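Visitor: All chains should be built: construct the whole structure from the sequences, respecting the hints.
Number of protein chains: 2
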Amino acid sequence: MEAASTIAEVRERVGAWRREGKSVGLVPTMGYLHEGHQSLIERAAAECDRVVVSVFVNPTQFGPGEDLESYPRDFERDLAKCEAAGAALVFHPTPEEMYWPDRSTTIHMADISEELCGKSRPVHFDGVCLVVAKLFNIVTPDAAYFGEKDAQQLLVVRRMVRDLNFPLRIVGCPIVREADGLAKSSRNTYLSPDERLAATVLSRAIRAGQALAESGERDASAIRGAVRDVLVQEPLADVEYVEVVSQETVRPVQRIESPVLCAIAVRIGTTRLIDNFFYDPAA
Amino acid sequence: MEAASTIAEVRERVGAWRREGKSVGLVPTMGYLHEGHQSLIERAAAECDRVVVSVFVNPTQFGPGEDLESYPRDFERDLAKCEAAGAALVFHPTPEEMYWPDRSTTIHMADISEELCGKSRPVHFDGVCLVVAKLFNIVTPDAAYFGEKDAQQLLVVRRMVRDLNFPLRIVGCPIVREADGLAKSSRNTYLSPDERLAATVLSRAIRAGQALAESGERDASAIRGAVRDVLVQEPLADVEYVEVVSQETVRPVQRIESPVLCAIAVRIGTTRLIDNFFYDPAA
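In order, the protein sequence lines correspond to chains A and B. If you want our numbering, it's the 1-based position in the first sequence plus 108. If you want our numbering, it's the 1-based position in the second sequence plus 108.
Note that these hints are calculated values from the structure, not bench results. Warning: the hint list may mix true and false statements.
Derived DEER-like restraints, expressed as beta-carbon distance ranges [to be verified]:
| hint | chain 1 | residue 1 | chain 2 | residue 2 | range |
| --- | --- | --- | --- | --- | --- |
| 1 | B | 128 | A | 211 | 33 to 39 Å |
| 2 | B | 155 | A | 177 | 30 to 36 Å |
| 3 | A | 346 | B | 218 | 51 to 57 Å |
| 4 | B | 175 | A | 330 | 37 to 43 Å |
| 5 | B | 175 | A | 113 | 44 to 50 Å |
| 6 | B | 388 | A | 346 | 58 to 64 Å |
| 7 | B | 174 | A | 362 | 37 to 43 Å |
| 8 | A | 324 | B | 171 | 48 to 54 Å |
| 9 | B | 116 | A | 390 | 24 to 30 Å |
Remember, predicted model here, so these are calculated numbers, not experimental data. The C-beta atom is built at its ideal place from N, Cα and C for all residues, glycine as well.
Guide: Written as structure tokens, this is what we have:
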């Protein structure tokens, strides 16, 4: 496995693979990798000849007062995990390599970025779109792999790829969980031992909502109520949102008649955690 | 030469060329081709194995009250000109093929889109960026060819390519003029015979400004004054702007100390025409 910190190095490496007729997969990450990321890399390695993992804490997707500075970083450990999962190249640029001081191009995602996390993180998805578009153009992959954990991000990236005609496939991969159900997240490291115990309430709430949907409940408010009933039992949990939205429009639905996403955001202490399930009533 | 109206056909054709190791050039146009476009196609054919010409009157780059509906169209004549100039494929999609009804992704160009034409056409360059980004992703060319006649568009596209890391070269090509100096433009067809005569004032004004710059004048207001002095002699000419801007920032300069663009926009009757010259004091 190799590592590259410049765009030129990545292009040279990928260009050489292309001349050999190799297919290329991309796994964009912000580093501090966990088993969720590893599952993306393993999936990419199973489907593509060569896998590029980007490790870049992207400043444009953090809003004022968010955790850009404190976001956890451990590049040496990330390298070992990438290699173990089957990556061929790790791209770890500096912010200066990625962004010109006089950059003037932005990408805006309307509509589907406005609900859920978009409400409390108004610049987040535009920043995601910008860095993902750049990575697509730098790596020119055949496929890019994103976790379903960041469900709205996955839907936003799919929409950008569709609207701008990026010539690649987006592959969504299932949430990877701890033994007690907590969705793997780099931000779990922020949790104190008490908060770590309390954080299991998210996955218990999600399971309750999912069970109700699978039992045939089609009233979205009943699903939201069931999820909320679990969350409010945890004194350390401060609920930001519990929503059932259309997978297509990312707008709240009354009745579940087409594929939906049930998504929650909850603060445990000062740490903001998210979890979700996708549900298709026709499946 | 072939013609394609769907994105899938273009991808199939370009994919086949790629497998044969061919390089690909793209010439994006709005059709109603003239010798200016033909010079772009010929340049692309000289530098690339295969040339794709897109013919698409892009609705997203027209503002309310602009000439989207009346913009001249003659696809059969365009096909003949493309073939004569050496194109291998003409891509002529419908608006429905290019834009999803629920599209939610936009590209915004700040700063360098705000002066010159950006003042009177506030949505124009965002629309140009959107369609050009889509064409880049559909055709995946090695190089794309743009006329210097649309000077701000050329600078905007270069900036977008730089900021979003599109993996291709942008080639700017010189203005092609009628025998009497008028810059070739599809919109010249709007001019009545009297207006057509009056329209020569643009190129005479540009020549006056260029001669002054080449004689060593470094005061931008003197250049603007010389250009304006010519324009005001034509009673049918209504000046929208005469500006000398930095090629890098597209902001007005006082003194010419780095590469500049001197650009003008003038209405002759109801027809809006533009012209310009690039000048580098170090060249």
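Visitor: May I ask which of the numbered hints given earlier this structure violates, with the numbers listed in increasing order?
Guide: 2, 3, 4
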